[in-house]
Structure formats: C-alpha cells, structure tokens
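> Chains as they are written, first to last, in my numbering: chain W, 1 to 437; chain G, 1 to 131.
Just so you know, these hints were derived from the structure itself, not from any lab.
Hints may be right or wrong, so weigh each one.
[As the list claims (entries may be wrong)] From the structure, some residues in chain W lie toward chain G, with a derived Cβ separation under 10 Å:
#1 Met74
#2 Arg174
#3 Arg183
#4 Thr196
#5 Arg197
#6 Asp381
The structure displayed is predicted, hence computed values, not measured ones.
The beta carbon of each residue, even a glycine, is placed where N, CA and C say it ideally should be.
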Amino acid sequence: MREATYDVVAIGGGPAGMAAALAAKEAGAERVLIIERDRELGGILQQCIHNGFGLTRFNEELTGPAYADRYIKMVGAAGVDAWLDCTVLAAEPGGAITCVGPSTGLTTVKAKAVVHSMGCRERTRGAIRIPGTRPAGVFTAGAAQRMVNMEGYLPGRDVVIVGSGDIGLIMARRLTLEGARVRAVFEIMPYSNGLTRNIVQCLQDFDIPLYLSHSVVAVHGHDRVTGVTVAEVDADLRVRPGTEFDMACDCVLLSIGLIPENELGKAIGIQSDRVTGGAVVDQYRQTSVPGFFAAGNVLHVHDLVDLVSEESAAAGQSAAQFARGLLPDSARQRPVSAGPGLRSVVPQRLSPAAPGRFSASFYFRASRPMGPSILTLRGDDGAVIWNRKLSKGVKPSEMIVAQIPYARFARAEALEFALAPDEAAEAELKSKREAKL
Amino acid sequence: MTTRTTHAIQCICCPTSCLGEADVEDGRVVETRGLTCEVGEAYAADEVVAPKRTVTTTVRVTGGKLHLLPVVSERPVPKEAVRDCVRLLRGVEVAAPIETGRVIVADALGLGVAFRASRDISAAPPQSAQV
Numbered sequence: 001m002r003e004a005t006y007d008v009v010a011i012g013g014g015p016a017g018m019a020a021a022l023a024a025k026e027a028g029a030e031r032v033l034i035i036e037r038d039r040e041l042g043g044i045l046q047q048c049i050h051n052g053f054g055l056t057r058f059n060e061e062l063t064g065p066a067y068a069d070r071y072i073k074m075v076g077a078a079g080v081d082a083w084l085d086c087t088v089l090a091a092e093p094g095g096a097i098t099c100v101g102p103s104t105g106l107t108t109v110k111a112k113a114v115v116h117s118m119g120c121r122e123r124t125r126g127a128i129r130i131p132g133t134r135p136a137g138v139f140t141a142g143a144a145q146r147m148v149n150m151e152g153y154l155p156g157r158d159v160v161i162v163g164s165g166d167i168g169l170i171m172a173r174r175l176t177l178e179g180a181r182v183r184a185v186f187e188i189m190p191y192s193n194g195l196t197r198n199i200v201q202c203l204q205d206f207d208i209p210l211y212l213s214h215s216v217v218a219v220h221g222h223d224r225v226t227g228v229t230v231a232e233v234d235a236d237l238r239v240r241p242g243t244e245f246d247m248a249c250d251c252v253l254l255s256i257g258l259i260p261e262n263e264l265g266k267a268i269g270i271q272s273d274r275v276t277g278g279a280v281v282d283q284y285r286q287t288s289v290p291g292f293f294a295a296g297n298v299l300h301v302h303d304l305v306d307l308v309s310e311e312s313a314a315a316g317q318s319a320a321q322f323a324r325g326l327l328p329d330s331a332r333q334r335p336v337s338a339g340p341g342l343r344s345v346v347p348q349r350l351s352p353a354a355p356g357r358f359s360a361s362f363y364f365r366a367s368r369p370m371g372p373s374i375l376t377l378r379g380d381d382g383a384v385i386w387n388r389k390l391s392k393g394v395k396p397s398e399m400i401v402a403q404i405p406y407a408r409f410a411r412a413e414a415l416e417f418a419l420a421p422d423e424a425a426e427a428e429l430k431s432k433r434e435a436k437l
Numbered sequence: 001m002t003t004r005t006t007h008a009i010q011c012i013c014c015p016t017s018c019l020g021e022a023d024v025e026d027g028r029v030v031e032t033r034g035l036t037c038e039v040g041e042a043y044a045a046d047e048v049v050a051p052k053r054t055v056t057t058t059v060r061v062t063g064g065k066l067h068l069l070p071v072v073s074e075r076p077v078p079k080e081a082v083r084d085c086v087r088l089l090r091g092v093e094v095a096a097p098i099e100t101g102r103v104i105v106a107d108a109l110g111l112g113v114a115f116r117a118s119r120d121i122s123a124a125p126p127q128s129a130q131v
C-alpha cells in the first residue's frame, strides 16, 4: 500500500473542495490535496450548463462549467494536487485517509486536517414513497441533466416533473429546448421550492404549467412509464378525494430535494444536525471531531454556488490554521439555535474568536414563506442583541445570510435566532397598495 | 394622445428576484419601480417591449475526452429566437481540443450574437490522474 502526507486534504473536488483547497493553500498550508472520485474536477457544476453562476463571487454571470473552469485553473496555479478517479473509503479521526483508484492503487494519506466537501445527492422515489408500478423512465432530475448535457441522451419525450426544485425547473427548460414536451410540474407544497427567477425563465417562458398543492398518487406502466395519476392536497398535505386526474407521459423526473452525502462523517461519529442532514459545526466549519471540517452541500444544501465557495474558503482557511496549530482551542463552545420561523442555522455553535476575525457568518433557512420579516438574535437572557429587516420577504428556497460582528454577542452564553413577519413594514406595504387603488 | 400602461416585472437577473413594475409609453419603458440595481432596470427596459434571454446548450465534439461541449450566447438573444438558436447549434460539430471562450458560432442566425465554449475539452485519449 502506498502512503502520502499532506497538511490539508479536501474530500470531493466540486466547488466546495476546490474553494477549500485554494483557501488552505493561501492560508499557508504547504501540501494540499483534493481527492475526487469523478474523471475531472468541478463536481455537479460540469453538468449545469445554464448561466446564473458567479454573480457575487466573480461579479459576472457564468455557466456552471465556466465557474468550475475558473476554480480548476486557480487550484492548478496555486499548486494544489488533485487525484482524480479516486474514491475515499475511510477518513479516520487523526487524519488517516484510505482511498483507492486505478492510478493511485490503494493509498493511505496522512492529513493534518481534513475538509469534507462531498456534496449532496438527490432524493429518489423511495424517499417520498410514490405509489404505483416500477417501470423504466423514472429518473431524478440531476441524473437526467447528466444524460442530456454530458452524455447526449434524451431521457424521454413526454415528461412530467415531480417537485419544483431548481434542478427540475432547469430541466423543464432544457428538455423543452431539446425537443421533448414537458407537460407539467407538480409541487406538493403551496409554494415553489425553486428560485423565483427559475419559475419565470424556465416555466413561464415556455408555458409549462406549475401545479402547486398537487401530489402524484400513482405511477402507471409495466416496462416503461405510461402516465401518472395526480391529485390535489389539502393544507395537511392529504389527498383531496375526487380531485385525481391522469396525465400521460413516458418519463417522470423527480426534483424533490437533496441530502448531504455525509457517509464519511457518520462513519466516524461526527455529530450531525437532524434538520440539515450535515455535520454540526462551529464558525470555522470544524465538526465535533477535531481537525475535521465540512463545507458546501455536504454540510447543508445551498441554492447558490457563490455561497458554497464563500463558506468553503472559510473552512479551508480554518483547516490550514488547524494544520499549523493556529486555530483557537474549541473547548468552550456556545450553542447557536434556530428558533421560531427558522428551519435551520449554520453554524450551530461558536468557538472563541480567532485573532484578526471580527465577525461570523450565519446561514439560515426560513420555515415558511413570509412577506417583509425581521431576523432577530437573542442572548441567553432573552434580550434582543441584534436584528435585521428583510424587507423583500423570505422563502424557504432562498438561503438567508447574515454577517454579525462578534462584539454584538460577546457576552451571550447561548444564541437563538428567530424570524417573524415585520408587521410595521407589511402594514406600510398594504397602505401603499390601497392608496394606489 | 399617449397612453401609459403598467407591467409587473419579475426580475431574473440574480437570486434577489426583485418584483417591480415598469410603465410603458409609446412602446418604451419610461419609468420603473421596485428594481434595486442597474442590471434589473436594463432587464425591465427590455422585458416589456423586447424580451431577451441568454441561451445555453451543447454541441457535438469529435476527438475529445467528452462527447458534448457546453456553449453559451455571449449576450442575451431575443426570446423568440431562443429555440432557433438551439436548433442551429444542434447541427454544429467541433473538433477537440477546445478551450474556454472559443467562438463556436460567430453570428447565430444573423442576430450578431456569438456562441462561445463554456469549458475546456482536451483531445482523446482521456488523461490519467495526476499523482
């Protein structure tokens, strides 16, 4: 068995792993390695051929492959090593990574710090238990995206999309442009789970109907899918009897959510967050196992790659500091929790501030869509110590980011965030509307 | 007599997804509200009278590590030309190696818009992993 030694190793060479590796190198880690199981770096960006990436990170609009290309060239120029076609089998506490691939053989890498950047995978039909037969032609939207954009196959000609996640919306447009007929998108929730811009440019532009509060109650077909039965659901997501209707199709795409691909973390008992499905981390993105960091979609599913890059750079920088013995001891930790109105918050705890760092970034998901809202932070005494007005309103599909100076919560032993409608702003909006009428 | 009509604008330029309004007079946007940046204002000015979209698709590759090359229009094209652009590119074939930014179609359908490669594709055979 071969052996190698590195200061920082990123497991997974998508946008998270590349940004982490680059930042680790820039923060003084001498030997940095990315281990990637695919044939090239870039991860899922390589099949996301549409535009809309990089608006905040590069201040211009790029396609997925072009965004990946920028990072591939930057990590190459920085002297980061990359092992492709190489799968990590285990990464033990202490930093012994076992990996295997055609050109590396079975190799043990000794790492001073490890960044988990494995990304996420799609939920499948089993996750939502769609009843009916088990014919061919039912795919996840991302699998279809790879077929169409990288392999050159069309997964079907008459397509029904289940779930209104962004990948499903993007594929509705893509399949339409490639000559398929996308008959409808069915979303069980009363609101879409995709970005508003994608509803407009992927569905409305092509007159593809979006049915909210609708669920697929049966899949039909023996060898190949021949259609689905759909029904309306009530506020408790129960089927309304008598609302069922059939729709013929030869392909069903599922865009029903993503789950962190966090098996390596679970295998070594890294504490995980039941809501996000990823690790519990501090502001440095360090997990409960010292020297193990996590960033990107393996930590919590993002909607924008720009935020993945930003978060992963912070994780990579911290990993380099850990490898050099410069990261503050994480013994004293303060809990951070998501209170009413919020589904999740990352980080879930705070370690002491590192020298030269004056603020921490927090990432939130709202639990439901709301109009103008106020995000508040309370300390352990219940007093509000920080707040921000979100005048544009919030949606669960759009992550909320807040950078907050340490000084604001220096004395709090525990932090709780909450999100509530901004009644004053809503009243003002309402009176404006009425004035116009 | 000029008449002023108001149109709702759902901006698609960035994830902020501003919901605004545009007032149109004589086929021209004269005033916008609710859009929070210049990019959005420009989008609104076009969207009511002559909507445009950036187009992305793939073209065939010969002699490359991959079979398909993603391409992107360097500027948005008129919305009604989107399907024709994709149809045009379906018939295009390009030989590897290809580098990001290379012009694949110089002037699509006489619109004055070029399509460029979104990524590098090296020549076959596949490269082995660097170790």
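> For each hint, tell me whether it holds in the structure or not.
So, going through the hints one by one against the coordinates:
1. Met74: 13 Å, violated
2. Arg174: Check passed: Cβ of Arg174(W) comes within 8 Å of chain G, closer than 10 Å.
3. Arg183: 18 Å, violated
4. Thr196: 4 Å, holds
5. Arg197: Given a least distance of 4 Å, the restraint on Arg197(W) holds.
6. Asp381: Interface hint status for Asp381(W): violated (35 Å vs cutoff 10 Å).
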